[in-house]
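Participant: Can you build the whole structure from these sequences, using the hints too?
Residue numbers (this note's numbering), protein chains in the order written: chain A, 1 to 399; chain B, 1 to 399.
Treat each hint with caution, since some may be false.
Put simply, identical chains are the same to the list, so a pair is met inside one copy or across any two.
Stated by the list, open to error - In silico lysine to aspartate or glutamate, EDC-like type, Cα no more than 16 Å apart, as pairs:
hint	residue 1	residue 2
1	Lys4	Asp118
2	Lys188	Asp149
3	Lys196	Glu2
4	Lys44	Asp58
5	Lys135	Glu13
6	Lys306	Glu389
7	Lys385	Glu344
These are calculated hints, taken from the structure and not from any lab test. Bear in mind the structure is a predicted one, so any value in this text is a computation, not a measurement.
Protein chains: 2
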Amino acid sequence: MEYKFSDRCKNLEGNAIREIFKLISRPDIISFAGGMPASLALPKDDVLKIIDDLLTSDRAIALLQYGATEGYAPYLEAGREYVKRVGINTSDSSEILAISGGQQGIDLTFKAFINKGDVVLVEAPTYVAVPHIAKTYEAKLVGVASYEDGINLRDLENKIITENPKLLYLVPTFSNPTGKTLPVEKRKEIARITAKHNVILLEDNPYGELRYDGQTIPAIKSYDEAGNVVYLTSFSKTISPGMRVGLAVASAPVIRKLTIGKQATDVHTVTLSQAVATEFLKRGILDESLKRNIPVYKEKRDAMLKAMDKYFPKSAKWTHPSGGLFIWVTFPSNVDVSTDIFREAIARKVAYVSGDSSFVDGSGKNCLRLNFSNATVDDINKGIKILGELLKERVEGKC
Amino acid sequence: MEYKFSDRCKNLEGNAIREIFKLISRPDIISFAGGMPASLALPKDDVLKIIDDLLTSDRAIALLQYGATEGYAPYLEAGREYVKRVGINTSDSSEILAISGGQQGIDLTFKAFINKGDVVLVEAPTYVAVPHIAKTYEAKLVGVASYEDGINLRDLENKIITENPKLLYLVPTFSNPTGKTLPVEKRKEIARITAKHNVILLEDNPYGELRYDGQTIPAIKSYDEAGNVVYLTSFSKTISPGMRVGLAVASAPVIRKLTIGKQATDVHTVTLSQAVATEFLKRGILDESLKRNIPVYKEKRDAMLKAMDKYFPKSAKWTHPSGGLFIWVTFPSNVDVSTDIFREAIARKVAYVSGDSSFVDGSGKNCLRLNFSNATVDDINKGIKILGELLKERVEGKC
Chain A
1 MEYKFSDRCK
11 NLEGNAIREI
21 FKLISRPDII
31 SFAGGMPASL
41 ALPKDDVLKI
51 IDDLLTSDRA
61 IALLQYGATE
71 GYAPYLEAGR
81 EYVKRVGINT
91 SDSSEILAIS
101 GGQQGIDLTF
111 KAFINKGDVV
121 LVEAPTYVAV
131 PHIAKTYEAK
141 LVGVASYEDG
151 INLRDLENKI
161 ITENPKLLYL
171 VPTFSNPTGK
181 TLPVEKRKEI
191 ARITAKHNVI
201 LLEDNPYGEL
211 RYDGQTIPAI
221 KSYDEAGNVV
231 YLTSFSKTIS
241 PGMRVGLAVA
251 SAPVIRKLTI
261 GKQATDVHTV
271 TLSQAVATEF
281 LKRGILDESL
291 KRNIPVYKEK
301 RDAMLKAMDK
311 YFPKSAKWTH
321 PSGGLFIWVT
331 FPSNVDVSTD
341 IFREAIARKV
351 AYVSGDSSFV
361 DGSGKNCLRL
371 NFSNATVDDI
381 NKGIKILGEL
391 LKERVEGKC
Chain B
1 MEYKFSDRCK
11 NLEGNAIREI
21 FKLISRPDII
31 SFAGGMPASL
41 ALPKDDVLKI
51 IDDLLTSDRA
61 IALLQYGATE
71 GYAPYLEAGR
81 EYVKRVGINT
91 SDSSEILAIS
101 GGQQGIDLTF
111 KAFINKGDVV
121 LVEAPTYVAV
131 PHIAKTYEAK
141 LVGVASYEDG
151 INLRDLENKI
161 ITENPKLLYL
171 VPTFSNPTGK
181 TLPVEKRKEI
191 ARITAKHNVI
201 LLEDNPYGEL
211 RYDGQTIPAI
221 KSYDEAGNVV
231 YLTSFSKTIS
241 PGMRVGLAVA
251 SAPVIRKLTI
261 GKQATDVHTV
271 TLSQAVATEF
281 LKRGILDESL
291 KRNIPVYKEK
301 RDAMLKAMDK
311 YFPKSAKWTH
321 PSGGLFIWVT
331 FPSNVDVSTD
341 IFREAIARKV
351 AYVSGDSSFV
361 DGSGKNCLRL
371 NFSNATVDDI
381 NKGIKILGEL
391 LKERVEGKC
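Facilitator: Here it is, written out as structure tokens:
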């Protein structure tokens, strides 16, 4: 039959990175394309031990039965304690919601606020899933310029005035895709500017715990006096992505709308995932696990940066992230790494994500995102050498 | 701040039953209100044994890492085998999708097909979550009359012609809320009528395995020659609702749209939930568990029907379901069980769901839904006696 798909879905293709995943799952490819935690970092023994404790306790039945859309009460309590690490104080559990991974929080926030045609501002470049989600709500995405230290505040305020956006989406700490972190002063300014103009700030913080240098910076949400910030975090990068469990923090009226929106889709987040995350927090296993894994990630980041210094063409510039999973590389504007070079890299068995998928206006073909968390140090050295040589062959002549 | 919520969410309240859940979670209340499997039926030892096997196997890391939106490959294979039980043959895994509970399948189907203002037909009464989901897509719901043996075909075809719907939603087997089952001949007719008029049929089958009398009936999807049927099933009622795992089966182009829609919300279904369901299927544990639980549910249904015969007013009529979780009670049209009587029942510590939440036009105040799966036989007898006496006091004078 001739399917009459909805307007939002008619021309919707899969998000670039999820689609690349399928191409690059071949084991012979060195992948810098994903955003996956290191497989060896996944704490399978801790997860099993906890599930064993939980399913032999008197809570077992409650964990397998239907749960509240709002979340499993001990998880919400542990979550309220957890977000204090970034300076967020909630008055009670009406300001927090269990979500099925951080990305569901983006989807639910769009559902709660966005009508067809509404403007959403994003840093350019932005997290690749956001343009995809925006299409499912028929939102208009507008990019805001990004500087060395993150989003440009003058351009932000200009765009707020000219575009009248409902929402601003940001990853202020170890951004995806750039790895940049917004300094404290800019965080305060963003809280002030968005509140002043009645714009919802969607602050996404999936990577904040993966810090390799320096000290924790407070979330923008911690400066939120107006109640206009929706804060998202997730345990995908610190416990397990496959368990799909995160948290949204916002004012009670906003959490209520997110909850009603969630009720209509997956009813509630998997209770066992929530209970496992609770125990990771309460028993201090999350911190032990971070203590074990951060040196590993730091070593990988350093190895990648060092190999890039050695093998990448001199015309390329890249970020030096103090945490997270990604390095962002920019070539001169006449270079295109999105088509021929990308295909040749795959042919030479190295994968990356080309930058255009992170822009909303088709730009970014001269940029690429490298993930350093999931390959071994040996593969990082090998892969960056292959990639560097390819880039030198193809790019150097042009610069 | 003054929140500018989206049109779809502005006036959206929580779905009636999820909200009642919160009221009735007090342990002193005998609840016939939910749709929960019996807590004692939840196979916690099997789940733990399987998770133990999985997380000590060489698949452990794959289960905790990011997975494909389409689903965990062994789950999709086991799922293709599983749906053969209701006569559904898939040509390959492009026709099946792992979903985070059956309800997500409803949401994703609406996302794929429904524009604002599009008409969706539902049996009147229908599953209470559907009006809620429909509001989040700003769909127009139109009820189709229901007879003894389910949806009325003449009214269905009339409404298709006059309303030009995109979608028809049905629970053909042990319907929620009525417990009715559509006979085979009507199934074939519905497949024919919807295909002829280019209407997507969303066939929801969460209860089909819970059959207490008679033989399995093929799904409407098994008669789908045009590719217009989306079939949903779930392991919430047979393994664990808290694990949020189900299946959607449809033609490859439709599954592709559902997948892209899912990618934008929860990325993928919890892999451990999919893997546990896979083992329940492959090791025959699901069938063992059903063999254990069906006599228990049957006993509860019989106890409730017997107690209703004894205690309910003679003017009430009710369904005699051969499976599932619900009995549907209809009083004369001048009776209202949705307000005073409901409140008094709660005061006497018995809960039910009043029928109006299952209708889209405010009717159904003279109906109520009783769940028999979650209370003990003793509580069923006690609760039905209390409810019957209350109803006799309030209703009998009116008839």
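Participant: The structure should be examined with respect to each hint, and the outcome stated for every one.
Facilitator: Hint-by-hint comparison with the structure:
no., hint, in the structure
1, Lys4 - Asp118, "between (24 Å within a copy, 11 Å between copies)"
2, Lys188 - Asp149, "within (14 Å within a copy, 63 Å between copies)"
3, Lys196 - Glu2, "between (48 Å within a copy, 12 Å between copies)"
4, Lys44 - Asp58, "between (23 Å within a copy, 11 Å between copies)"
5, Lys135 - Glu13, "within (10 Å within a copy, 25 Å between copies)"
6, Lys306 - Glu389, "within (15 Å within a copy, 80 Å between copies)"
7, Lys385 - Glu344, "within (14 Å within a copy, 76 Å between copies)"
Of the numbered hints stated above, none is contradicted by the structure.
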